Amino acid sequence: MLDERKPCLRGRGLTKVFGLGRSKTVAVDHVDFDFKEGEVISIVGESGSGKTTLAKMLLGLINPTEGEIYFQGKRRDISSNRKRKAYWKQIQAIFQDPFASYNIFNKIDSVLLDCINMIGGKRLPHEKKVEMMAEACGFVNLKYEELTNKYPFELSGGQQQRLMLARVFILKPKILVADEPTSMIDACSRATILDMLMQLRSEGGMTPIFITHDIGLAYYVSDTVYIMEKGRFVESGSADDVILKPQEPYTKRLISDVPKIYEEWDLSTV
Amino acid sequence: MKHTLRQVFESGKFVSGFAIFVAILLVVTIYPLLVPEPPLRIIGQGTFFEPGIYVNVYDSISAPHFTLNLDEAAERRIAGRLADRDRGAILTWLVGVGIPESEIDIANTEQLLDQWFSNFDPTVRIPGMTNADRNYYIRLNSSIQGLLSTEDVIIAHANEETASLEAAGTIRPSAYVNVGQIPNVRILPLGTDNFGRDVLTELVKATAVSLKIGFVAGIIATTIGLILGLVSGYVGGFVDDVLMFITNMFIVIPSFVLLILISFSISQEQRGAVTIAVVIGFTSWVWTARAVRSQVISLRNRDHVNLSKLSGHSIAHIIFRDILPYIASYVVMALILQISSAILAEAGLSILGLGPKTTEVPTLGLMMNWAMIYQAHILGKWWAYLPVIIVIALIAFSMNLMNTGLDQVFNPALRE
Ligand SMILES: Nc1ncnc2c1ncn2[C@@H]1O[C@H](COP(=O)(O)OP(=O)(O)OP(=O)(O)O)[C@@H](O)[C@H]1O
Ligand SMILES: [Mg+2]
Numbered sequence: 001m002l003d004e005r006k007p008c009l010r011g012r013g014l015t016k017v018f019g020l021g022r023s024k025t026v027a028v029d030h031v032d033f034d035f036k037e038g039e040v041i042s043i044v045g046e047s048g049s050g051k052t053t054l055a056k057m058l059l060g061l062i063n064p065t066e067g068e069i070y071f072q073g074k075r076r077d078i079s080s081n082r083k084r085k086a087y088w089k090q091i092q093a094i095f096q097d098p099f100a101s102y103n104i105f106n107k108i109d110s111v112l113l114d115c116i117n118m119i120g121g122k123r124l125p126h127e128k129k130v131e132m133m134a135e136a137c138g139f140v141n142l143k144y145e146e147l148t149n150k151y152p153f154e155l156s157g158g159q160q161q162r163l164m165l166a167r168v169f170i171l172k173p174k175i176l177v178a179d180e181p182t183s184m185i186d187a188c189s190r191a192t193i194l195d196m197l198m199q200l201r202s203e204g205g206m207t208p209i210f211i212t213h214d215i216g217l218a219y220y221v222s223d224t225v226y227i228m229e230k231g232r233f234v235e236s237g238s239a240d241d242v243i244l245k246p247q248e249p250y251t252k253r254l255i256s257d258v259p260k261i262y263e264e265w266d267l268s269t270v
Numbered sequence: 271m272k273h274t275l276r277q278v279f280e281s282g283k284f285v286s287g288f289a290i291f292v293a294i295l296l297v298v299t300i301y302p303l304l305v306p307e308p309p310l311r312i313i314g315q316g317t318f319f320e321p322g323i324y325v326n327v328y329d330s331i332s333a334p335h336f337t338l339n340l341d342e343a344a345e346r347r348i349a350g351r352l353a354d355r356d357r358g359a360i361l362t363w364l365v366g367v368g369i370p371e372s373e374i375d376i377a378n379t380e381q382l383l384d385q386w387f388s389n390f391d392p393t394v395r396i397p398g399m400t401n402a403d404r405n406y407y408i409r410l411n412s413s414i415q416g417l418l419s420t421e422d423v424i425i426a427h428a429n430e431e432t433a434s435l436e437a438a439g440t441i442r443p444s445a446y447v448n449v450g451q452i453p454n455v456r457i458l459p460l461g462t463d464n465f466g467r468d469v470l471t472e473l474v475k476a477t478a479v480s481l482k483i484g485f486v487a488g489i490i491a492t493t494i495g496l497i498l499g500l501v502s503g504y505v506g507g508f509v510d511d512v513l514m515f516i517t518n519m520f521i522v523i524p525s526f527v528l529l530i531l532i533s534f535s536i537s538q539e540q541r542g543a544v545t546i547a548v549v550i551g552f553t554s555w556v557w558t559a560r561a562v563r564s565q566v567i568s569l570r571n572r573d574h575v576n577l578s579k580l581s582g583h584s585i586a587h588i589i590f591r592d593i594l595p596y597i598a599s600y601v602v603m604a605l606i607l608q609i610s611s612a613i614l615a616e617a618g619l620s621i622l623g624l625g626p627k628t629t630e631v632p633t634l635g636l637m638m639n640w641a642m643i644y645q646a647h648i649l650g651k652w653w654a655y656l657p658v659i660i661v662i663a664l665i666a667f668s669m670n671l672m673n674t675g676l677d678q679v680f681n682p683a684l685r686e
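For the protein sequence lines, the chains are R and S, in the order given.
Here my numbering is used: the first residue of the first sequence is 1, the next is one more, and so on.
Here my numbering is used: the first residue of the second sequence is 271, the next is one more, and so on.
If you're looking for bench data, these hints aren't it; they were derived computationally from the structure.
Hints should not be assumed to be uniformly reliable.
When the alpha-carbon atoms are kept at most 27 angstroms apart in a straight line, the in silico DSS-like pairs for lysine-lysine are as follows [stated by the list, open to error]:
no.	chain 1	residue 1	chain 2	residue 2
1	R	Lys143	R	Lys74
2	S	Lys579	R	Lys85
3	R	Lys74	S	Lys482
4	R	Lys6	R	Lys83
5	R	Lys24	R	Lys89
6	R	Lys129	S	Lys579
7	S	Lys579	R	Lys174
8	R	Lys172	R	Lys83
9	R	Lys122	S	Lys579
10	S	Lys482	S	Lys579
11	S	Lys482	R	Lys128
12	R	Lys83	S	Lys579
13	R	Lys143	R	Lys107
14	R	Lys128	R	Lys174
15	S	Lys482	R	Lys107
16	S	Lys579	R	Lys107
17	S	Lys627	R	Lys150
18	S	Lys283	S	Lys482
19	S	Lys482	R	Lys89
20	R	Lys150	S	Lys283
Values in this document were obtained by computation on a predicted structure and should not be read as measured data.
Full structure from sequences and hints, please.
Have a look at this one:
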């Protein structure tokens with residue numbers, strides 16, 4: 001049934017090597033993947049396994065050392081500024097560290113206004129823009145009136161992460177790469193955030209790609225799970241197959257590292 | 271914009287630095303209006319006149335005289351006239367004619383004068399004494415005699431026809447003039463330099479010229495360095511390789527050597543202050559370019575830049591809005607260093623005789639150079655160099671204060 005879905009992102013032999021000679025790090029090592037439109041994908045791995053590096057390659061923010069990326073069935077072409085901009089209308093991100101994600105010189109309004117411009121709303125009357133920003137903030141439980149004229153660093157980490165989600169709400173991309181989207185959020189709000197993401201998925205037809213070190217979270221949200229170890233995908237498949245019947249010792253270790261109480265909560269909510 | 275400006279002026283450090291700098295600028299602009307005199311006009315015949323108030327003697331004679339009977343006048347006159355140098359000279363003479371040194375106390379004016387009068391004889395020649403020394407002793411003797419005398423001094427002028435002297439008036443030791451009634455009084459707050467030029471007037475002009483050289487050179491160097499650093503750091507790849515190749519070439523050839531060669535190839539006539547500034551600017555951008563480049567490289571992969579890309583911004587927008595503000599205070603810092611090093615580079619060139627031509631305007635470097643060549647520091651003529659050093663230090667200090675203050679504003683995360 002999954003195979004009937006349209007292809008969304010496909011990678012073949014994707015590799016990223018940082019540095020040269022003795023100091024070289026193979027961050028991502030010949031990974032292959034097939035992401036289908038509409039499915040929820042998780043990439044799980046421990047710290048330093050190359051998840052963020054892979055995400056940046058998917059986003060076209062860094063160039064792969066080797067390998068190909070196919071977007072919607074065709075070879076991805078982001079060689080010119082115009083093509084890149086078009087690509088970024090379709091794929092967006094939530095970065096891992098919200099504190100480093102915003103330009104500290106720009107106010108929050110400008111973050112959201114940029115998104116409105118991006119979707120072609122540059123000419124809209126000011127009131128309409130404010131309305132759109134207020135709606136986006138409301139969607140992520142933030143109050144626009146309290147945020148306007150503030151700087152991003154004046155918000156808490158969780159608020160910053162939700163603001164990032166408000167961007168996505170305005171942009172409505174086809175694909176969202178969410179790198180630890182809930183790292184700054186307490187367990188309670190975590191479920192809310194995930195619900196919001198799922199809502200964006202069902203309403204906007206967005207394909208979310210979760211990047212996380214938390215296999216419990218991956219099991220909770222995803223259809224397909226990729227397990228990443230030292231830059232390689234060691235195991236992949238449907239969430240049930242991979243997590244309930246793990247083959248690799250690495251996967252087993254990741255599962256056994258999940259705190260028991262959380263696991264129980266996790267399994268009960270499925 | 272208005273908001274940022276207000277914040278800038280709320281920073282105490284910036285305001286202090288700004289106040290000093292504005293004060294310097296004000297002095298530099300207002301002083302020439304009050305004293306519209308060519309800064310390089312030679313007014314003093316002789317070198318290194320001490321700072322002070324110079325009262326015209328000729329005018330003092332014809333000005334109304336007032337009698338003030340002050341007891342301490344005579345005492346002061348002698349003590350004041352007998353400078354340490356004169357006392358030392360008297361000691362040398364007395365020792366020369368055979369008086370044991372232990373019997374002489376140069377601090378005791380009365381005893382010293384007694385010994386002097388009983389031993390001085392203009393015809394005696396002390397071994398090792400030059401003619402100039404002898405004339406000096408004769409002058410010293412007569413001036414001491416004159417000081418001691420309570421007689422009036424007669425003013426005479428020569429009769430044009432008979433060439434004989436005719437008394438025109440007398441001046442009593444108790445005669446005073448009111449300085450306010452003397453038409454020609456010249457205040458030289460910083461004395462004169464080795465050429466007999468008013469140091470203050472010269473210093474004000476030199477500050478203006480040096481600031482101009484500093485700004486022109488600093489802005490040229492910073493602009494070139496900033497543009498090359500930004501492009502090379504952000505664009506990377508082949509462009510970076512080419513630009514860094516050029517930069518490294520400039521590093522291999524020390525910029526000062528280049529500066530000397532270029533200055534040398536421009537004839538002295540054409541070396542105005544601005545030309546020198548441009549030459550300094552075009553040879554000193556290397557450091558800024560490299561520093562900016564490494565800053566940009568560390569910034570270009572930050573997530574806020576990535577987010578800006580994902581928001582569809584152009585390269586220019588990213589460079590100007592997402593990178594430049596982060597390095598702005600750094601660039602201002604570099605500009606400040608460039609300005610002060612340009613002022614020093616000009617001084618270095620001036621010492622080698624490759625500075626701006628010396629006939630038009632003074633610069634702080636030229637003033638230091640003149641003071642050094644004429645040994646002001648050895649002769650103890652502090653007014654010829656100390657004020658120059660203080661001005662250079664004040665300029666650098668005020669700019670650094672402003673930079674620290676700006677840093678807090680440019681970088682909102684540093685704000686309290
Ligand atoms: N710009 C870079 N230059 C050099 N090495 C890098 C760079 N970025 C990442 N690496 C290296 O690549 C490897 C993978 O890093 P990456 O950030 O992708 O890990 P991660 O899986 O996202 O880890 P975490 O869960 O801690 O975020 C690490 O060993 C890291 O040191
Ligand atoms: Mg990461």
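So, going through the hints one by one against the coordinates:
{"no.": "1", "hint": "Lys143/R / Lys74/R", "in the structure": "violated (41 angstroms)"}
{"no.": "2", "hint": "Lys579/S / Lys85/R", "in the structure": "holds (8 angstroms)"}
{"no.": "3", "hint": "Lys74/R / Lys482/S", "in the structure": "violated (60 angstroms)"}
{"no.": "4", "hint": "Lys6/R / Lys83/R", "in the structure": "holds (22 angstroms)"}
{"no.": "5", "hint": "Lys24/R / Lys89/R", "in the structure": "violated (33 angstroms)"}
{"no.": "6", "hint": "Lys129/R / Lys579/S", "in the structure": "holds (21 angstroms)"}
{"no.": "7", "hint": "Lys579/S / Lys174/R", "in the structure": "holds (17 angstroms)"}
{"no.": "8", "hint": "Lys172/R / Lys83/R", "in the structure": "holds (18 angstroms)"}
{"no.": "9", "hint": "Lys122/R / Lys579/S", "in the structure": "holds (17 angstroms)"}
{"no.": "10", "hint": "Lys482/S / Lys579/S", "in the structure": "violated (40 angstroms)"}
{"no.": "11", "hint": "Lys482/S / Lys128/R", "in the structure": "violated (51 angstroms)"}
{"no.": "12", "hint": "Lys83/R / Lys579/S", "in the structure": "holds (12 angstroms)"}
{"no.": "13", "hint": "Lys143/R / Lys107/R", "in the structure": "holds (15 angstroms)"}
{"no.": "14", "hint": "Lys128/R / Lys174/R", "in the structure": "holds (24 angstroms)"}
{"no.": "15", "hint": "Lys482/S / Lys107/R", "in the structure": "violated (38 angstroms)"}
{"no.": "16", "hint": "Lys579/S / Lys107/R", "in the structure": "holds (17 angstroms)"}
{"no.": "17", "hint": "Lys627/S / Lys150/R", "in the structure": "violated (55 angstroms)"}
{"no.": "18", "hint": "Lys283/S / Lys482/S", "in the structure": "holds (24 angstroms)"}
{"no.": "19", "hint": "Lys482/S / Lys89/R", "in the structure": "violated (50 angstroms)"}
{"no.": "20", "hint": "Lys150/R / Lys283/S", "in the structure": "holds (25 angstroms)"}
In summary, the structure is inconsistent with hints 1, 3, 5, 10, 11, 15, 17 and 19 from the numbered list given earlier, while agreeing with the others.
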